[in-house]
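Asks: Listed in order, the protein sequences are those of chains A, B, C and D.
Heads up, the first sequence is in our numbering, so the first residue is 1 and it goes up one at a time.
Heads up, the second sequence is in our numbering, so the first residue is 1 and it goes up one at a time.
Heads up, the third sequence is in our numbering, so the first residue is 1 and it goes up one at a time.
Heads up, the fourth sequence is in our numbering, so the first residue is 1 and it goes up one at a time.
These aren't lab readings, by the way, just hints derived from the structure by calculation.
Keep in mind that a hint or two might mislead.
Restricting the straight-line Cα-Cα distance to at most 30 Å, the calculated cross-link-like pairs of lysine-lysine (DSS-like) are [claimed, not checked]:
1) D:LYS180 - B:LYS101
2) C:LYS150 - D:LYS54
3) A:LYS180 - C:LYS101
4) A:LYS12 - B:LYS180
5) B:LYS150 - A:LYS97
6) D:LYS179 - B:LYS179
7) A:LYS12 - B:LYS97
8) D:LYS97 - B:LYS180
9) B:LYS97 - D:LYS180
10) A:LYS101 - C:LYS101
11) B:LYS2 - D:LYS180
12) D:LYS101 - B:LYS2
13) D:LYS150 - A:LYS150
Ranges of calculated distance between the beta carbons of each label pair, as one might list FRET restraints [to be verified]:
14) C:ALA172 - B:ALA112: 18 to 24 Å
15) D:HIS146 - A:ASP69: 34 to 40 Å
16) A:ARG66 - D:TRP102: 36 to 42 Å
17) C:ASP69 - D:MET1: 54 to 60 Å
18) D:ASP154 - A:GLU175: 38 to 44 Å
By construction, the Cβ of each residue, glycine as well, lies at the ideal position given by its N, Cα and C atoms.
4 protein chains.
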Amino acid sequence: MKLVGISGALRKASTNTGLLRAVRDLLPDGSTIDIITLHGIPLFDEDVIEASGKPAIVADIAERIRAADGVIIATPEYQFSVPGVLKNAHDWLSTMKAPFKWKRTGVIGASAGAMAGTARAQYHLRQNLQALQAIVMPRPEVLIVHNELKFDADGNLTDEETRQRLATWLAAFLEWVEKKP
Amino acid sequence: MKLVGISGALRKASTNTGLLRAVRDLLPDGSTIDIITLHGIPLFDEDVIEASGKPAIVADIAERIRAADGVIIATPEYQFSVPGVLKNAHDWLSTMKAPFKWKRTGVIGASAGAMAGTARAQYHLRQNLQALQAIVMPRPEVLIVHNELKFDADGNLTDEETRQRLATWLAAFLEWVEKKP
Amino acid sequence: MKLVGISGALRKASTNTGLLRAVRDLLPDGSTIDIITLHGIPLFDEDVIEASGKPAIVADIAERIRAADGVIIATPEYQFSVPGVLKNAHDWLSTMKAPFKWKRTGVIGASAGAMAGTARAQYHLRQNLQALQAIVMPRPEVLIVHNELKFDADGNLTDEETRQRLATWLAAFLEWVEKKP
Amino acid sequence: MKLVGISGALRKASTNTGLLRAVRDLLPDGSTIDIITLHGIPLFDEDVIEASGKPAIVADIAERIRAADGVIIATPEYQFSVPGVLKNAHDWLSTMKAPFKWKRTGVIGASAGAMAGTARAQYHLRQNLQALQAIVMPRPEVLIVHNELKFDADGNLTDEETRQRLATWLAAFLEWVEKKP
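Make a model of the complete structure from these sequences and hints.
Replies: In structure tokens form, the structure reads like this:
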């Protein structure tokens, strides 16, 4: 199975990018995940499209999504929603030929502190993904609180209980992608 | 009264920027609106902050918001939410000293076609503004559908009925800012 | 194909119940829709469950949903969300053995006036349905404004253009149910 | 200061009703809270209004809200949103003469387990309250997880750290009501 993972954060030591690496480590043999960070995508501006067309990087990401069996998005939560960086990528992707259409998709996230564990971001993200026509797994969910205690300084997952829950989620997601209920 | 207007779209001929110009034309004598577009703000990236600090443009916008009596945000709707461009600006502003804290704020928007008139974007925006601690006027609302019929090619409002509704909204908003109920 | 239709409104002349009757008239031969209104469901109260168990009417609705190939929910919008009546039914249904799990589901709605056409209600409803693990068709959508002009006094759909759009939506929904993308 | 507290749950031992009792214990001398549970409100049905008018209990609650300096709503989370019981009360209250208009309001909540602590319910509730024109305190927030560990079997708050956080929240809320920023 070929998956794409998209991180909503740019920071090199992002725990959400780290979460996607943890997914990679948990994948069964024969499955792969192509992890994408959103560096280098310009701010969405229709005047720029008119002047110089759509950026090659967006076409490239759209193509990788289209070729995947499933997509996992790991999002931090900023201001009770997704990062502008992630939303901006979706704004660009919506101008491509529907890369997310009926694509089996999963949403996960990790945030600092005790509050909500990206729940607020994940529901905004799910609404964006509805617009893009993805088919997002409803449950189970991964809402990680206190990422400051569960990842190291490089953003690598170190907490064993969290890894177990991620493994449970991943098993459900792989079934979601494969069996297409 | 000193207002700030923020447009969620970068396009020069944006109808949402045009909506803020229409607000300017409707303001009573002695009131002003400083219209801000979000060009030139980089994608939010904590590694960039660490390497080179926060961009001067964000500090400038924060200062103008702080100095205003009230703020009006005009937002288009992309993928059933606010543009990434607008969200990205809020991500940056959240790192400044709470420019929106208890700031009297209003939300308006215009979109193409018959569907929802930016309703979906406005409720996501309201949730972002809660995080930023703004005090957003609950009602009335301005949800403009079919902006392709109500603005000219340069994004200027031409529809008289829409202007009347905007004037009604603006009167309520000015009272909201002044009387602080 | 066997469908269940659930109306979010109790009023006999509800345009949302009427919308489900319009769906029935549009169904191809061999397909049926069992239209359910939510009269007689008590307010959800765990003390009542403890004292006298779950109401038979809820078990009956759960069974009809479980037996269906797909479910269509037609919702009005009250206070920028779904009616309490509809949410209360979902609260009860969540105590049954997951009748909505992986059930192919569609959401439509009609409201009075020019504003948003139940958009706000539909996104809250979609979040409820995620909790219930339904697989909800992302697009197209049916957001009917000005139902006062498009239905008669008994809640029957009379507007031909709306019927066409509903037919387009229904064709997409039947494919959604049958092909399970 | 005269407050009204509304509990979103009917269960006698509800931890959310218990949260309002904990607020009562924390109030300074001279301040009171009138705690309302929503028993006995019928399902909202316009046919019933036409046949027999609006229920006296709803008029009574509307009057108590109107007379209060501020309102606190404590909500559980069911199916990623507010209980139907609470939404149903708002549907009725919206037919009264705007009891929530510009009313200073606060939102709190407690839920079982580790997930989100009613965050999802609180944002739906905030959108309902916008429709009702309440002025809801943006921050701080009270999102209590693991209520099974923090309340006794009768729904009384027993966790000292939670009580401290509630006290901090209440101090902010009383200032919000009194100073009307």
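Asks: Look at each hint and say if it fits the structure.
Replies: These are the hints, each one checked on the structure:
| no. | hint | in the structure |
| --- | --- | --- |
| 1 | D:LYS180 - B:LYS101 | holds, 13 Å |
| 2 | C:LYS150 - D:LYS54 | holds, 28 Å |
| 3 | A:LYS180 - C:LYS101 | holds, 13 Å |
| 4 | A:LYS12 - B:LYS180 | violated, 44 Å |
| 5 | B:LYS150 - A:LYS97 | holds, 29 Å |
| 6 | D:LYS179 - B:LYS179 | holds, 13 Å |
| 7 | A:LYS12 - B:LYS97 | holds, 25 Å |
| 8 | D:LYS97 - B:LYS180 | holds, 21 Å |
| 9 | B:LYS97 - D:LYS180 | holds, 21 Å |
| 10 | A:LYS101 - C:LYS101 | holds, 22 Å |
| 11 | B:LYS2 - D:LYS180 | holds, 21 Å |
| 12 | D:LYS101 - B:LYS2 | holds, 26 Å |
| 13 | D:LYS150 - A:LYS150 | holds, 24 Å |
| 14 | C:ALA172 - B:ALA112: 18 to 24 Å | holds, 22 Å |
| 15 | D:HIS146 - A:ASP69: 34 to 40 Å | holds, 37 Å |
| 16 | A:ARG66 - D:TRP102: 36 to 42 Å | violated, 50 Å |
| 17 | C:ASP69 - D:MET1: 54 to 60 Å | holds, 56 Å |
| 18 | D:ASP154 - A:GLU175: 38 to 44 Å | holds, 42 Å |
Hint violations for this structure: numbers 4 and 16, all remaining hints satisfied.
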